[in-house]
Structure formats: structure tokens, C-alpha cells
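Visitor: Following the hints, position chain A with the ligands against chain B.
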Amino acid sequence: MSAVTQSILYLDGVSVSFDGFKALRSLSLTLQPGEMRAIIGPNGAGKTTMMDVITGKTKADEGDVLFDKGSIDLSRFDEAAIAELGIGRKFQKPTVFESHSVADNVLLALKGDRSPFSALFGARNRIATETIDRYLGIVHLLDHRARLAGALSHGQKQWLEIAMLLAQDPKLLLIDEPVAGMTDAETDVTAELLKDIARDHSVVVVEHDMGFVRALGCRVTCLHEGSVLAEGSIDAVAGNERVIEVYLGR
Amino acid sequence: MLTMRFFRMIEGRGLVFLGIIALVALLVPFCNLYLAPGNPFHVSNGTVVLLGKYLCYAMFAVALDLVWGYCGILSLGHGAFFALGGYAMGMYLMRQIGTRGVYAHPVLPDFMVFLNYKELPLTWWGFQHFPYAMLMVVLVPGLLAFVFGWLAFRSRVTGVYLSIMTQALTYALWLSFFRNDMGFGGNNGLTDFKDILGHNVQAQGTRAGLFIITCIALALTFIIARMIVASTYGKVLVAIRDGESRTRFLGYRVEHHKLLVWVVSAMMAGVAGALYVPQVGIINPSEFHPANSIEAVVWVALGGRGTLVGAALGAVVVNWLKTVFTTGWLAPYWLFALGGLFVLVTLAMPKGLIGVWEDIRARLANRKAIADAKASGGGSPVARSPDPQVPR
Ligand SMILES: Nc1ncnc2c1ncn2[C@@H]1O[C@H](COP(=O)(O)OP(=O)(O)OP(=O)(O)O)[C@@H](O)[C@H]1O
Ligand SMILES: [Mg+2]
Chain B
1 MSAVTQSILY LDGVSVSFDG FKALRSLSLT LQPGEMRAII GPNGAGKTTM MDVITGKTKA
61 DEGDVLFDKG SIDLSRFDEA AIAELGIGRK FQKPTVFESH SVADNVLLAL KGDRSPFSAL
121 FGARNRIATE TIDRYLGIVH LLDHRARLAG ALSHGQKQWL EIAMLLAQDP KLLLIDEPVA
181 GMTDAETDVT AELLKDIARD HSVVVVEHDM GFVRALGCRV TCLHEGSVLA EGSIDAVAGN
241 ERVIEVYLGR
Chain A
1 MLTMRFFRMI EGRGLVFLGI IALVALLVPF CNLYLAPGNP FHVSNGTVVL LGKYLCYAMF
61 AVALDLVWGY CGILSLGHGA FFALGGYAMG MYLMRQIGTR GVYAHPVLPD FMVFLNYKEL
121 PLTWWGFQHF PYAMLMVVLV PGLLAFVFGW LAFRSRVTGV YLSIMTQALT YALWLSFFRN
181 DMGFGGNNGL TDFKDILGHN VQAQGTRAGL FIITCIALAL TFIIARMIVA STYGKVLVAI
241 RDGESRTRFL GYRVEHHKLL VWVVSAMMAG VAGALYVPQV GIINPSEFHP ANSIEAVVWV
301 ALGGRGTLVG AALGAVVVNW LKTVFTTGWL APYWLFALGG LFVLVTLAMP KGLIGVWEDI
361 RARLANRKAI ADAKASGGGS PVARSPDPQV PR
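From first to last, the protein sequence lines are chains B and A.
Going letter by letter, the first sequence gives residues 1 to 250 in the working numbering.
Going letter by letter, the second sequence gives residues 1 to 392 in the working numbering.
The following block holds chain B by itself, in its conformation from the complex (with noise of 0.2 Å):
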């Protein structure tokens, strides 16, 4: 029971099934506050499905997915809920709000009350500025903050997209494949930054970029088929057997 209530995220036993094919397989993973962890692994293992779970994009079929050292079955809760409780996410596909500007995009992700008479005459309309030139400052993107989401590069909705992360302040960062489309440089900049935010977060990394994961230095999980393959150090997972035979070819 101590692994549940030293975790800022614990999953046990989860399932998920899409008629009839299993996504999830009785998965367990668990995360300590403070703590960064990578998650490898081939097309189709589930990675992306496992923070849909987390999230409450999509239900567990069975098992636990409990929050904040146990104390919260995230199961029961909605999307806006769980966002509400500290958990924010960045999807694989970069999703930012093409028809508003860049400095809009955070505006809009910054944490605060998220009623509609707060954005209509309340505490949201009276954001400071450098609020959010700050976030943009820590991505790169303050020369762009006028322009809109949509005319940005790839790899800068992806940052973007981080930027809005952090607005939100969350206690745990779901961060899936932020390097996607990014190039070398942008990438070792990516993996700094990704450091940097795990000095004070809690942040679980889908990536398939192998140096990448490397540069990131933390544990790393590698998921197949729905299931924990292997768990540990990059050298020991990258070194195992049916991890090379499965996702990193011989």
C-alpha cells in the first residue's frame, strides 16, 4: 500500500478494450511526486491510450488510476475536472488554437477560476501581460506572441503547446511526443527545457525519439501490446532483449 500513497500517480491493473481489442492490458505504473519518466514503445503499444485513461478522455474497463498519493480515483472524474485537479496534457498531434493568437492560446491555458462570468466581466480579463509573455519567454516564443497559433511551425505548436502547459500549472504533465516533426535543434532545446520543468513538476514523457530520451536522463518505461515490457535505467531497458526484439530492432 506505501507504493499508493508515496505516488503522485498510480495505475493498477488497467484495462481498456475498443470492441473487443485490448489496448490496455492490465497496466501498472506508478510515479512519484517530483519524479520525470519516459514512456517507449512501437506503434499501437497504447501509450497514447493510457494518458486518455489518465485524462478521462477515455474509461478504464477495470483497475485503479488514483491521483495525488491515492487520494483521488481520477475515474470519477471528467475531462474539465481533472484538468481542474492539476493534471495537464499535450497531445501527439499538437493542438492549439489556430484562429487565436499566440499570447491568446495562453491566456486561455493560465490557471484561474474557469467560470464563464469570470472570462465575461471577471479575473481572466485582467491578465497581465507579462503573465504571459513569461510562459511564452521559457518557450522561445515571445517575437511571435502576436501572430496566430495557426501560421506557426510545427515544432512551435508543439512549444507552444508546452507554454500552455505550464500555464495551467499543473502538479503532473503528460507531455506525448513533444520532438515530433522537430528538428535536431529544436530538439537538444526541447530536452533542456523538459529538464528544466521536471526540476519542479511531475512529468511522464511518450517519445519515440530514442537520443531524445536519453538527453531527457530519467527512468524509462517501455510499454507493448497494452503492458509493461521492461522498467528501469535507458542502458537497461534499451539493453533487454524483447525490447530490442519488439521496438528497437536488432
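Check each hint, because a few of them may be wrong.
Stated by the list, open to error - Negatives, chain B to chain A, calculated, CB over 12 Å:
#1 S15
#2 R25
#3 S28
#4 T30
#5 G44
#6 D68
#7 K69
#8 D184
#9 E192
#10 D196
What the hints assert, rightly or not - Partner residues are not named here, just some residues of chain A that face chain B (Cβ under 10 Å, in silico):
#11 V201
#12 K235
#13 L237
#14 A239
#15 D242
#16 T247
#17 F249
#18 L250
#19 G251
#20 R253
#21 L260
#22 V261
In case anyone wonders, no lab produced these hints; they're calculated from the structure.
Bear in mind the structure is a predicted one, so any value in this text is a computation, not a measurement.
Yeah, the Cβ is synthetic: ideal placement off N, Cα and C, and Gly gets one too.
Guide: Same frame as chain B, now just chain A with the ligands:
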């Protein structure tokens, strides 16, 4: 300071729009009341009514644009809210007739006497009082929108399914209001109005007054709508329109946000309907007809969805065309014209009339920039191909 903020919120386009409304509100009644019929600038009584009708439709279009253009809720049944507001006003006007009706009953409207009603149905109570009737003008559409929206948005009905449900809503009301036992005048609806607040509804002065009030109501509707879309709430609405599920993952209760704008829009539509009825002098179930709601969507699309001003412009232009087409030898072709218009808009001008206007302006500005660059002799002019900036 406050005025500056107001101007910024309204935007240049909106200020032009408000200016035009103010001008129309002054000129039309003046030219109607004070210029002799022989004067080339005289506006006939019929034209005043016609223009007043267009302005009610413009108000209705602004309400529809608020939910469709900004929040992505394509309502194909918004006419229901317009008609309900109209009926509430019609009921007040019916109860003002009193003993002047054909049957001279002091309380019951003619159609009730004709149908052998012994007493006034509960639904009609209080409608002899103007403030109560005006309250119902906004409350009835608002309440219906609240119940409908609460059920639909909470169960996450969106897109085509929601549009079909809105269409079903107005269709159901259309059928019910035809029935005599609904107690709203059945097929014939409510008509033969005598006075409003003691003024003869047919009188030239009353009509001019109603026209001015309609202008004011349209301006206020527009200002409220602008306040909504210029606030952060408006940004949340656009976020919902472009990525509903993404907005949820940011922690927003999408259903609450949708519900608020939906109810506000229904109330605006109700007020538009209420102003429409005393000017045209009748309200009947045909106002609930699904085709009316669909036509309103065409106005908004033609004028430019998500611009508010465009919606109002579209309503006036299409209805003016309709008047032209349905009163002469062109009458049989109106439906073809409307259909053709819709095809033209969707194919050739997806951003509507406002979009076309803005393209022209951008092109002129660009040409001027090139000319300036040439004049200053600064080498090869660089055609400004700006990154799309956010419209302020
Ligand atoms: N909503 C859904 N309906 C049906 N099947 C789904 C759904 N979501 C995911 N799946 C299936 O579940 C499996 C796991 O998908 P998931 O997206 O979690 O994989 P992944 O590990 O994120 O893969 P990738 O690396 O390609 O992103 C896939 O076979 C996918 O087709
Ligand atoms: Mg995935």
C-alpha cells in the same frame, strides 16, 4: 478612458455600423413624418414598416451569429425563439383590444370567444400588463433555450445532430401552434391589433416610434454581442468552436459556456421577434416554420459568419432582395435566387460580404504600399505579404 475602451471594444467596423444605425434612426422617421409625399426624399409609411422589419431580422441575425459564428453551434431552429418573443408581444397586443373586438368581450380575444372559451387560459394571465409581457418576451425563449441547451450540451450532442435537434424543436412548435387547442389562435395566429401602450399601432407616429426603438434595440444587441465576443469569454467560445475537446482538457466546462451564450442569443432573438410583431401587425405559426430558421442561416453566411456586422448586413441585403424578387414579375424565381445566392456564397465568398470588402481593402492598402515604395525610390518594392495578424 472609458470611452476609449468602449471604442476599442466596438472596433472600427462596429463604429461605422452604429453610426449608420444612428443615421437611419434619425433620417427615416424624419423623412417620413416631415417631408411631404411629393418630396423626392419622402419615405412612405410602407417603407418605414419594411425597413423596420429588416432591422428586426438584422437583430435576429446578430443573435444567430453569436452562437454559430463564435461558438460553432449551427442552430437550424433559432426562428423558434424569435417567434416565441413575437407571440409574447402579440398576446399583450391582443389583450389591449378589449371590447373593440368583433365580439366585444372585455377579456377574451375574439378567437377564444369563437372557440367557446369560457375563461382566459392560465398562459394568458398577466399579459394585459406591458412589463409582464416584456418580461415574457425574454423569459420564455430564454427558459426554452436553457432547458434545451442544458440537456443537449450536457450529453455532448454537437454538429449535425445538434442542428437536427434544433430543427426538430422549431418543427414541433410549428405543429403545436397550428392547433386551436393550444390557445394561441391556431392557424390564424394573433392579429387585428389596436394599440400599444395607448398608441394606435397603425398611426404614423407610432410606427416611427417603433422604428426608432428597433434601431436602438439593434444597436444595444450589437453592443452586448460585441462585449461578449471581445471579452475573454468570447475567446473561450472561439476555442470551443475550433477545438471543443481541447478546451475541456484545459479545464473549461464547455457545457456551461455554451449554455450561457445560447440562452443570451435566444433572448436577443425573442426581443427581435417582439419588435417585429407590432410593425408587421400579425404573428402566426408560419414564423416557426423550419425554412425561416434556415433562411436566417443564409443571411449570416452571406454577410460573413463570425463578424456580427456581416450578419446584420446579410439579413438586410437578402431581405431587400427578397422584397424585390417577390413583388414583381420576378416573384416565381425567388427560391431559385436564394438557392443560387447560397451556392455563390459558399463557393466564391466563404467569408461573406464582409470578407470580400476586407479583401478589397487589403489589396488597395498593398497597392498603396507598393506605390509609396516606388515613389520613395527604395529599390524593388516588397509586396507586403503579412503573416496573418490577429484582428483586433
Ligand atoms: N478510440 C479508439 N477506438 C478504437 N481503437 C483505438 C482508439 N484509440 C486507440 N485505439 C487503438 O488502440 C491501440 C493503441 O493506440 P495508442 O494510440 O494508445 O498507441 P500509441 O502507443 O500511442 O501509438 P503511437 O506510437 O503510434 O502513438 C491502437 O491499436 C489503436 O488503433
Ligand atoms: Mg500515441
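Visitor: Any of the earlier hints contradicted here, and which numbers?
Guide: 11
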